[in-house]
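A.B. asks: Using the hints, position chain X against chain D.
Chains as they are written, first to last, in the working numbering: chain D, 193 to 290; chain X, 911 to 1298.
I should point out that these hints are in silico values taken from the structure, not numbers from a laboratory. Hints should not be assumed to be uniformly reliable.
Unchecked claim - From the derived model, a few chain X residues whose C-beta atoms are all more than 12 Å from chain D: (1) Pro1042; (2) Asp1059; (3) Thr1118; (4) Thr1296.
Unchecked claim - Taking lysine-lysine and the DSS-like style, the derived pairs with C-alpha atoms no more than 30 Å apart in a straight line are: (5) D/Lys276 with X/Lys934; (6) X/Lys1216 with D/Lys203; (7) D/Lys247 with D/Lys258; (8) X/Lys1234 with X/Lys1298; (9) X/Lys1117 with X/Lys1065; (10) X/Lys922 with D/Lys203; (11) D/Lys203 with D/Lys276; (12) X/Lys1065 with X/Lys921; (13) X/Lys1074 with X/Lys982; (14) X/Lys1056 with X/Lys1124; (15) X/Lys1065 with X/Lys1127; (16) X/Lys1056 with D/Lys247; (17) X/Lys934 with X/Lys921; (18) X/Lys1074 with X/Lys1127; (19) D/Lys203 with X/Lys1117; (20) D/Lys247 with X/Lys1002; (21) X/Lys1120 with X/Lys934; (22) X/Lys1095 with X/Lys1065; (23) X/Lys913 with X/Lys1095; (24) D/Lys203 with X/Lys982; (25) X/Lys1234 with X/Lys1056; (26) D/Lys247 with X/Lys1065; (27) X/Lys1216 with X/Lys921; (28) D/Lys203 with X/Lys1056; (29) D/Lys247 with X/Lys1030; (30) X/Lys1234 with X/Lys1216; (31) X/Lys1065 with X/Lys1030; (32) X/Lys1065 with D/Lys203; (33) D/Lys203 with X/Lys1234; (34) X/Lys1056 with X/Lys1095; (35) X/Lys922 with D/Lys247; (36) X/Lys1234 with D/Lys247; (37) X/Lys982 with X/Lys913; (38) X/Lys1030 with X/Lys982; (39) X/Lys1030 with D/Lys203; (40) D/Lys247 with X/Lys982.
Just so we're clear, the structure is a prediction, and the values are computed from it rather than from any experiment. Positions of the beta carbon are idealized from the N, C-alpha and C atoms, including for glycine.
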Amino acid sequence: MRVHLPYHLRKLAQIEGEGVELNVAAPATIAAVLDALEAQYPVLRGTVRDHGTLKRRPFIRFFACKEDLSHEPTTTPLPEAVVKGEEPFLIIGAMAGG
Amino acid sequence: MSKVRVLVGTKKGAFVLTSDGKRKNWEVSGPHFAGWEIYHVKGSSVDPNRIYASQSSGWFGQIIQRSDDGGKTWTPPGSNPDDLKTPEGFPKGESNKFVYDGAVGTHMWYDGTQHPWEFKRIWHVEPSLTDPDTVFAGAEDAAIFKSTDGGKTWKELSGLRGAKGNLWQPGAGGMAVHTILLDHKNANRMFVAISAAGAFRTDDGGKTWKPINKGLKSPYQLPDPDAEVGHCVHRIAMHPSRPDVLFMQKHWDVMRTDNAGGVWNDIGGNLPTDFGFPIDVHAHEPNTVYVVPIKSDSEHYPLDGKLRVYRSRSGGNDWEALTKGLPQKDCYVNVLRDAMCVDSMDSCGIYFGTTGGQVYGSADSGDTWEPIVRDLPAVLSVEVQTLK
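Here chain D stands alone, though its shape is the one from the complex (with noise of 0.2 Å):
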């Protein structure tokens, strides 16, 4: 599966291009995709959620395939097209500047 991460968390995790291919365990949902990628890159634990809760953190969103997933419970299924690698899963940083 295909994850496109924001520029900062591919920068500390030392990941080159747009984002990383994940094995994750089936059933693919948003936590599957999570904790696959917490695991390859522990570094990423607590920046994209937080350590106990495990809640996405707020300036965080998730999309796949044009929807905004950021709100789905996270044990919500992925669409085909992502599990296929077809299309990626985006985490992205929010634009919340100002």
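C.D. replies: Coordinates of chain X only, in the frame set by chain D:
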């Protein structure tokens, strides 16, 4: 020959400034962690190559960074790919896991109700005086954490929040442990300061804490003149040789205690204003103290547009303005609480950074100043290491 390394945290990264003992010519490296807020960077006095940095972002939260080569390279402790090869097995990635101990508990909120503690960031890192792997971290919402494995894992010293934490209420700048002072003569004694809560002391290595705010007056914040907590302490400082003597820059008032916080006395004396943020003590003269008076809590810039450090050589009350080399017109920057420090060269160096991105240095105890750099992002913290 000795040299100095100045560690600068800014709103958009960290910078390392190095010079020889003359402190005339400087090399600047950075930005490290570009684009992130670096609240504090501080080196171990035991192993000067060991430096800890607090890196944070409103988007991505808290990261702790560590350098083991004097700031050339950095790694979040325990997250280096090389850790995969160690007997510890797969890295846990817990160097940024700051979880309050036990039940989270509540503190006073702006409307007078109780509000749960919520971790936001680390404001201050304080390496141990004896062990480079031991380091303390001051957090917002106010708490102190300790690591004994070089920053890989952290545990809260929750006794601090037991010191009437339910009565602490955040001020406009948040509610954070922004100052941690380690007693050079008593390993079990530490002091911390918290905005809008006060100063606190432990005598048992951090298990239990008590407020040490007697003598502080905050009539516009606290109707109770004897309030034990709730005083807005901006900074406290000590000289290593005299750990019972502390100097304090409070929101308003510059104070001193001679009995480790038993009682505080006003030493503002002839200061043009006693509002400000940093306070520090000369490396070789325990009675020489520095502050940067700021006009008021409504106008966070120097009086009359003149950037002046004030020095007292008598432990307070009598203050002289230090102006040579500092802008004396049209200057409207602020100097934040963690943005002043002193080196321990024979001729003591003083350094401070401004919200305008300048870092000024003096190699002669404050008599004259020069800008080391002028155009950094807003400076949040300045620390210095004196290297042999």
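A.B. asks: Evaluate each hint against the coordinates.
C.D. replies: Do the hints match the structure? See the list:
1. Pro1042: holds (21 Å)
2. Asp1059: holds (15 Å)
3. Thr1118: Holds: least Cβ distance 25 Å, greater than 12 Å.
4. Thr1296: holds (31 Å)
5. D/Lys276 with X/Lys934: Measuring from Cα to Cα gives roughly 61 Å; hence the hint is violated.
6. X/Lys1216 with D/Lys203: Violated, because 41 Å separates the two Cα atoms, which is more than 30 Å.
7. D/Lys247 with D/Lys258: holds (22 Å)
8. X/Lys1234 with X/Lys1298: holds (29 Å)
9. X/Lys1117 with X/Lys1065: Cα-Cα ~12 Å, so holds.
10. X/Lys922 with D/Lys203: holds (15 Å)
11. D/Lys203 with D/Lys276: It holds: about 26 Å lies between the C-alpha atoms, which stays within 30 Å.
12. X/Lys1065 with X/Lys921: holds (27 Å)
13. X/Lys1074 with X/Lys982: Violated, because 42 Å separates the two Cα atoms, which is more than 30 Å.
14. X/Lys1056 with X/Lys1124: holds (27 Å)
15. X/Lys1065 with X/Lys1127: violated (34 Å)
16. X/Lys1056 with D/Lys247: Satisfied, since the Cα-Cα distance of roughly 25 Å is no more than 30 Å.
17. X/Lys934 with X/Lys921: With Cα atoms ~26 Å apart, lysine 934 of chain X and lysine 921 of chain X stay inside 30 Å; holds.
18. X/Lys1074 with X/Lys1127: Within the cut-off at roughly 18 Å; holds.
19. D/Lys203 with X/Lys1117: violated (38 Å)
20. D/Lys247 with X/Lys1002: holds (18 Å)
21. X/Lys1120 with X/Lys934: Violated: lysine 1120 of chain X and lysine 934 of chain X sit about 44 Å apart, past 30 Å.
22. X/Lys1095 with X/Lys1065: With Cα atoms ~24 Å apart, lysine 1095 of chain X and lysine 1065 of chain X stay inside 30 Å; holds.
23. X/Lys913 with X/Lys1095: Roughly 27 Å between the alpha carbons, so the hint for lysine 913 of chain X and lysine 1095 of chain X holds.
24. D/Lys203 with X/Lys982: holds (17 Å)
25. X/Lys1234 with X/Lys1056: violated (41 Å)
26. D/Lys247 with X/Lys1065: holds (21 Å)
27. X/Lys1216 with X/Lys921: Judged against 30 Å, a Cα distance of about 24 Å means the pair holds.
28. D/Lys203 with X/Lys1056: It holds: about 27 Å lies between the C-alpha atoms, which stays within 30 Å.
29. D/Lys247 with X/Lys1030: The given pair, whose Cα atoms are some 14 Å apart, holds under the 30 Å limit.
30. X/Lys1234 with X/Lys1216: holds (11 Å)
31. X/Lys1065 with X/Lys1030: holds (16 Å)
32. X/Lys1065 with D/Lys203: holds (27 Å)
33. D/Lys203 with X/Lys1234: violated (42 Å)
34. X/Lys1056 with X/Lys1095: holds (20 Å)
35. X/Lys922 with D/Lys247: Given that 30 Å is the threshold and the Cα spacing comes to 26 Å, the pair holds.
36. X/Lys1234 with D/Lys247: violated (53 Å)
37. X/Lys982 with X/Lys913: holds (16 Å)
38. X/Lys1030 with X/Lys982: Roughly 28 Å separates the two Cα atoms, so the pair holds.
39. X/Lys1030 with D/Lys203: Holds, at roughly 22 Å.
40. D/Lys247 with X/Lys982: Distance of about 35 Å is beyond 30 Å: violated.
Against the hints set out earlier in the document, violations occur for numbers 5, 6, 13, 15, 19, 21, 25, 33, 36 and 40.
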